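Those sequence lines, one after another, are chains A and B.
When the letters of the first sequence are read in order and numbered with numbering that gives the first Met the number 0, they come out as residues 0 to 593.
When the letters of the second sequence are read in order and numbered with numbering that gives the first Met the number 0, they come out as residues 0 to 593.
Each hint should be verified, as a subset may be incorrect.
No distinction is drawn between identical chains; accordingly, a pair holds when it is met within one copy or between any pair of copies.
Said to hold, decoys possible - Taking lysine to aspartate or glutamate pairs in the DMTMM-like style, the calculated list, with each CA pair at most 20 Å apart, reads:
id: 1; residue 1: Lys518; residue 2: Glu470
id: 2; residue 1: Lys522; residue 2: Asp546
id: 3; residue 1: Lys485; residue 2: Glu578
id: 4; residue 1: Lys577; residue 2: Glu470
In short, the hints are calculated from the structure, not lab data.
Computed from a prediction, not measured in an experiment: that's the story for all the values here.
There are 2 protein chains.
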Amino acid sequence: MICMQTEILNKINSPEDVKKLSISEMNILADEIRQGILNRVDQIGGHLGPGLGITEATIALHYVYNSPVDKFVFDVSHQCYPHKMLTGRKEGFINPKDHPEISGYFNYNESPHDPFMIGHTSTSISLATGIAKARDLKGEKYNVIALIGDGSLSGGEAFEGLNNASVLGSNFIIIVNDNEMSIAENQGGLYKNLEELRNSNGQAQNNFFKSFGFDYHYVENGNDIQSLINIFEQVKNIDHPVVVHIHTLKGKGFEPAVTNKETGHWSMPGLLSKDKNLNFDTVAECYETITNNYILEKIKQDKTVIPITSATPGVFWWNKDFRNQLGENYTDVGIAEEHAVAYASGLAKNGARPIYAVMTSFIQRTYDQLSQDLALNNSPATILVYWGGISGADATHLGLFDIPLICNIPNIVYLAPTCKEEYLRMLDWSVEQTKYSVAIRVPSANFVSTGVEDKTDYSILNKYQLVEKGEKVGIIALGDFFELGKEVKKELLQSGINATLINPKFITGIDKELLNSLKSDHKVIITLENGTLDGGFGEKISRFFGDSNVKVLNYGASKEFIDRVPIDELLERYHLKKELIVQDVNKILLNTTL
Amino acid sequence: MICMQTEILNKINSPEDVKKLSISEMNILADEIRQGILNRVDQIGGHLGPGLGITEATIALHYVYNSPVDKFVFDVSHQCYPHKMLTGRKEGFINPKDHPEISGYFNYNESPHDPFMIGHTSTSISLATGIAKARDLKGEKYNVIALIGDGSLSGGEAFEGLNNASVLGSNFIIIVNDNEMSIAENQGGLYKNLEELRNSNGQAQNNFFKSFGFDYHYVENGNDIQSLINIFEQVKNIDHPVVVHIHTLKGKGFEPAVTNKETGHWSMPGLLSKDKNLNFDTVAECYETITNNYILEKIKQDKTVIPITSATPGVFWWNKDFRNQLGENYTDVGIAEEHAVAYASGLAKNGARPIYAVMTSFIQRTYDQLSQDLALNNSPATILVYWGGISGADATHLGLFDIPLICNIPNIVYLAPTCKEEYLRMLDWSVEQTKYSVAIRVPSANFVSTGVEDKTDYSILNKYQLVEKGEKVGIIALGDFFELGKEVKKELLQSGINATLINPKFITGIDKELLNSLKSDHKVIITLENGTLDGGFGEKISRFFGDSNVKVLNYGASKEFIDRVPIDELLERYHLKKELIVQDVNKILLNTTL
Numbered sequence: 000m001i002c003m004q005t006e007i008l009n010k011i012n013s014p015e016d017v018k019k020l021s022i023s024e025m026n027i028l029a030d031e032i033r034q035g036i037l038n039r040v041d042q043i044g045g046h047l048g049p050g051l052g053i054t055e056a057t058i059a060l061h062y063v064y065n066s067p068v069d070k071f072v073f074d075v076s077h078q079c080y081p082h083k084m085l086t087g088r089k090e091g092f093i094n095p096k097d098h099p100e101i102s103g104y105f106n107y108n109e110s111p112h113d114p115f116m117i118g119h120t121s122t123s124i125s126l127a128t129g130i131a132k133a134r135d136l137k138g139e140k141y142n143v144i145a146l147i148g149d150g151s152l153s154g155g156e157a158f159e160g161l162n163n164a165s166v167l168g169s170n171f172i173i174i175v176n177d178n179e180m181s182i183a184e185n186q187g188g189l190y191k192n193l194e195e196l197r198n199s200n201g202q203a204q205n206n207f208f209k210s211f212g213f214d215y216h217y218v219e220n221g222n223d224i225q226s227l228i229n230i231f232e233q234v235k236n237i238d239h240p241v242v243v244h245i246h247t248l249k250g251k252g253f254e255p256a257v258t259n260k261e262t263g264h265w266s267m268p269g270l271l272s273k274d275k276n277l278n279f280d281t282v283a284e285c286y287e288t289i290t291n292n293y294i295l296e297k298i299k300q301d302k303t304v305i306p307i308t309s310a311t312p313g314v315f316w317w318n319k320d321f322r323n324q325l326g327e328n329y330t331d332v333g334i335a336e337e338h339a340v341a342y343a344s345g346l347a348k349n350g351a352r353p354i355y356a357v358m359t360s361f362i363q364r365t366y367d368q369l370s371q372d373l374a375l376n377n378s379p380a381t382i383l384v385y386w387g388g389i390s391g392a393d394a395t396h397l398g399l400f401d402i403p404l405i406c407n408i409p410n411i412v413y414l415a416p417t418c419k420e421e422y423l424r425m426l427d428w429s430v431e432q433t434k435y436s437v438a439i440r441v442p443s444a445n446f447v448s449t450g451v452e453d454k455t456d457y458s459i460l461n462k463y464q465l466v467e468k469g470e471k472v473g474i475i476a477l478g479d480f481f482e483l484g485k486e487v488k489k490e491l492l493q494s495g496i497n498a499t500l501i502n503p504k505f506i507t508g509i510d511k512e513l514l515n516s517l518k519s520d521h522k523v524i525i526t527l528e529n530g531t532l533d534g535g536f537g538e539k540i541s542r543f544f545g546d547s548n549v550k551v552l553n554y555g556a557s558k559e560f561i562d563r564v565p566i567d568e569l570l571e572r573y574h575l576k577k578e579l580i581v582q583d584v585n586k587i588l589l590n591t592t593l
Numbered sequence: 000m001i002c003m004q005t006e007i008l009n010k011i012n013s014p015e016d017v018k019k020l021s022i023s024e025m026n027i028l029a030d031e032i033r034q035g036i037l038n039r040v041d042q043i044g045g046h047l048g049p050g051l052g053i054t055e056a057t058i059a060l061h062y063v064y065n066s067p068v069d070k071f072v073f074d075v076s077h078q079c080y081p082h083k084m085l086t087g088r089k090e091g092f093i094n095p096k097d098h099p100e101i102s103g104y105f106n107y108n109e110s111p112h113d114p115f116m117i118g119h120t121s122t123s124i125s126l127a128t129g130i131a132k133a134r135d136l137k138g139e140k141y142n143v144i145a146l147i148g149d150g151s152l153s154g155g156e157a158f159e160g161l162n163n164a165s166v167l168g169s170n171f172i173i174i175v176n177d178n179e180m181s182i183a184e185n186q187g188g189l190y191k192n193l194e195e196l197r198n199s200n201g202q203a204q205n206n207f208f209k210s211f212g213f214d215y216h217y218v219e220n221g222n223d224i225q226s227l228i229n230i231f232e233q234v235k236n237i238d239h240p241v242v243v244h245i246h247t248l249k250g251k252g253f254e255p256a257v258t259n260k261e262t263g264h265w266s267m268p269g270l271l272s273k274d275k276n277l278n279f280d281t282v283a284e285c286y287e288t289i290t291n292n293y294i295l296e297k298i299k300q301d302k303t304v305i306p307i308t309s310a311t312p313g314v315f316w317w318n319k320d321f322r323n324q325l326g327e328n329y330t331d332v333g334i335a336e337e338h339a340v341a342y343a344s345g346l347a348k349n350g351a352r353p354i355y356a357v358m359t360s361f362i363q364r365t366y367d368q369l370s371q372d373l374a375l376n377n378s379p380a381t382i383l384v385y386w387g388g389i390s391g392a393d394a395t396h397l398g399l400f401d402i403p404l405i406c407n408i409p410n411i412v413y414l415a416p417t418c419k420e421e422y423l424r425m426l427d428w429s430v431e432q433t434k435y436s437v438a439i440r441v442p443s444a445n446f447v448s449t450g451v452e453d454k455t456d457y458s459i460l461n462k463y464q465l466v467e468k469g470e471k472v473g474i475i476a477l478g479d480f481f482e483l484g485k486e487v488k489k490e491l492l493q494s495g496i497n498a499t500l501i502n503p504k505f506i507t508g509i510d511k512e513l514l515n516s517l518k519s520d521h522k523v524i525i526t527l528e529n530g531t532l533d534g535g536f537g538e539k540i541s542r543f544f545g546d547s548n549v550k551v552l553n554y555g556a557s558k559e560f561i562d563r564v565p566i567d568e569l570l571e572r573y574h575l576k577k578e579l580i581v582q583d584v585n586k587i588l589l590n591t592t593l
């Protein structure tokens, strides 16, 4: 915890209090807000650079506009900390005990100053357009303001929003917070235009925003409160859509986050105390390191191997050194998951070996591309899905829905490895083969290495591994939860039951031969999966056994948006503990005769 | 069938043959191609205006470029008929018996001249970028050409593609086919810019394409073969990305399709013989008419009711008269499904009553918006999902996947009415309530009216209707398939079984009380749903009964991309016929003791 000055901040309980301040007091407030951001991130981790860069603009917005009558929609919420501190939630930044109470994202459950819960990018303009249109239909008058970073502009939803907002015909204010960065560097032609606009003080001949018909203003010093107040006053109550393009400094006020804007975008706890260089790389073997080593080796043999990210290279530990080694074989498409999947399909269709790495929560943006651009075309691309599974994450970043999303699309082969050896075998099979669109759920549980080489031929689809044949009870333990399956097997042995243990490996299909063979001497089959049950893997097993005497129990998460619930509480809630599972099984066995 | 002249077309068996023609022969060929389009559409229906408008450009492209070495990617494929006629598939347009053999869409199974199967919009630039990057990685040299209509440009995926294609740094040619229309009118600020460009012969100060850094050319007469050849020759083998913006006439050569470009976009069969005015409206009562009457009545009471479409108003019979009556309460967002959902969420959050109507196949583009922008925010919008269910459609337009897609997202209430009265009650409940995000699967089966007013309170979620209590066998018949459920019940009576019949109404939840009550006197439960089984409704019922003695049989479609398979063949394949179902049930009953 840092020693905070809160002289001005102490007086701020709502935006009304901001309006009473002088410019010099607002500048002091900006410093205090930055201390609050650093304090919170140091304690519990979070988004650092975005909030530090938007501090002055947030103060100026609340000085000029009248939230919550005027409506703010903050894109992706990475930059919402100053806003929270000015709207009655400063304790979440000052007092460590209050930190977990306040979400790191826009959250309508917390405050009327947050009209939505937001954690995915590129949505603000569309959401705010709806707010504004409803205002117009109701005959009301107030300002609707969407705040969007330059990075979020590359997402297709933002573009669709711009196209429609520009013809709204009434008050609509888009603040483009241009800090010259996405999470990593920006990617694409749009960013050359933003650079031209910055370099020309907004006067460049080509103007992306004006091409939609937006009115347009540029503010070179987007960290100068007076300049910001001036422009916000000027566009206040405007009767048509306008873009205010402000140039800010990401990470302002904390040198390590300015020097390295990418690692300073989001930080683990311990920011100030131990790791001022914001360097979180490590050399321990894990799924990230083995993936990256595989890619680097493979590229030496095949110059068409091409790793793709949609703006989150850090998630996969694709640091600058890794990227430099890849050269032109590396593609960051920016925040553009739809493009990433279609691009991978095009690459694969023309003989290259794309490997698209993506977080579970963001694969959600690509259902139709997975279906139409990829699977329908049987394009042999590889998709690596990271961070899947039950976690204590914010409701906007859950990793629970990728199995239902992917596994019900025809043609895709979705694989769930349980250890290093399987994972590498699957990955290499996927990259080498040319018949299927393949996704692999990179384990998010503890790193497991059996030391035994996997020699499975994964071109024989939907062939489950019968790890140990027993009787009465069968455990089908998918991916991450294979270890839990082993524990349940051990626990059942205590009750004298020698259960069958199966590692299904394939999420997208049923091993009918193996499952049929269980019918004669098994009373109960349990399925374990690290994701939501609805639409998932286990329900397919239930359907398969529906006409038989075999009972089936599916274990996994319920269909719900959980929000920062401790993982142990969730495992208890979902009965994902060996004792609870064995209790359930014994209860069934008591009531069952074969 | 029309009397076709095929003097030149007869000589064209591949693009090589196009290269031998003179300009005057190519102009004759254009006329013959148009006759082919009219002939096919008259016989089996299909896309009319787009192909008529792009005929000259397609001839010029094949004259200049060398497909399939040079690669063409046609966006959405609405305009692919001339291309098919020039690439060995003209019989699909000349001879009625061959029409069904040739798909109306780009299809890599048909020809090496179609690198992909494509039927959804806004994908061409991303797919082609992948093709081009693979070319570069392999060190190959040829032209990669994406052809995209102005309408498709409004989709976010196209924008993401433009942003990335513009920095590809190598040969890449985008042909923007600007016929001043989407399926209906274009929507959004981008289209004002296209108009400025047309009006200034490409010289307008603001240039959307140049703002990405694209090289840019404009061709005012996009139906003049010589002009097109000149520009295509000029950009051939270019070493950087370029946009060629051509101005064409949608429907050219067939006056009714020029006069009414919207109804001329796609046509039912019988184009030439009986309905030259392309007017397919009718006054018979159906789900479209009752929906539209409801909306018109509701708006009289509530000025915040706002129907939304993403560029397909005709699908819902939202014709010009209907739109005019709605005035500012009508929104067409263009081809922008993501925006549509987020916009609806914003509207609902600010107190309006959005009703977003969308085709099943295109709701696929909005998974993340349904989840994050809508459901996570519990925004009380209404989504009407049309055309769901098993059909003989092309693989790119299947209506099979909406149930798995929507029903596994938390918070959304997805309803399946079985008749007019239920549908209207659900619709009104959804529009009036303010707690839930609601989707309704508008029946696609025959129109059913019971004449009995539905008084159900749909705010009591997941309450199934017990239509008739019987024993031994329970039939849970969802939505469209309720009529099939009734037939199965009748058929079972022949075997002396008085089955229980249930109309579940709620796709997104389980009526535990009712289902538990069946356990004591039912041996078999069958579920019927008009969609894919994987991840769908029935599997949830299977899971529910997994620990009980009740057997469950799920009926619905398999997980597969079916392509123009006759519906009766599918119903047979999936056992969706009363006789087949009763056979299955009897087989189980024979082997089961309660």
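Evaluated hints:
no.: 1; hint: Lys518 x Glu470; verdict: within (10 Å within a copy, 27 Å between copies)
no.: 2; hint: Lys522 x Asp546; verdict: both (13 Å within a copy, 10 Å between copies)
no.: 3; hint: Lys485 x Glu578; verdict: within (13 Å within a copy, 45 Å between copies)
no.: 4; hint: Lys577 x Glu470; verdict: within (18 Å within a copy, 38 Å between copies)
No hint from the list above goes unmet by this structure.
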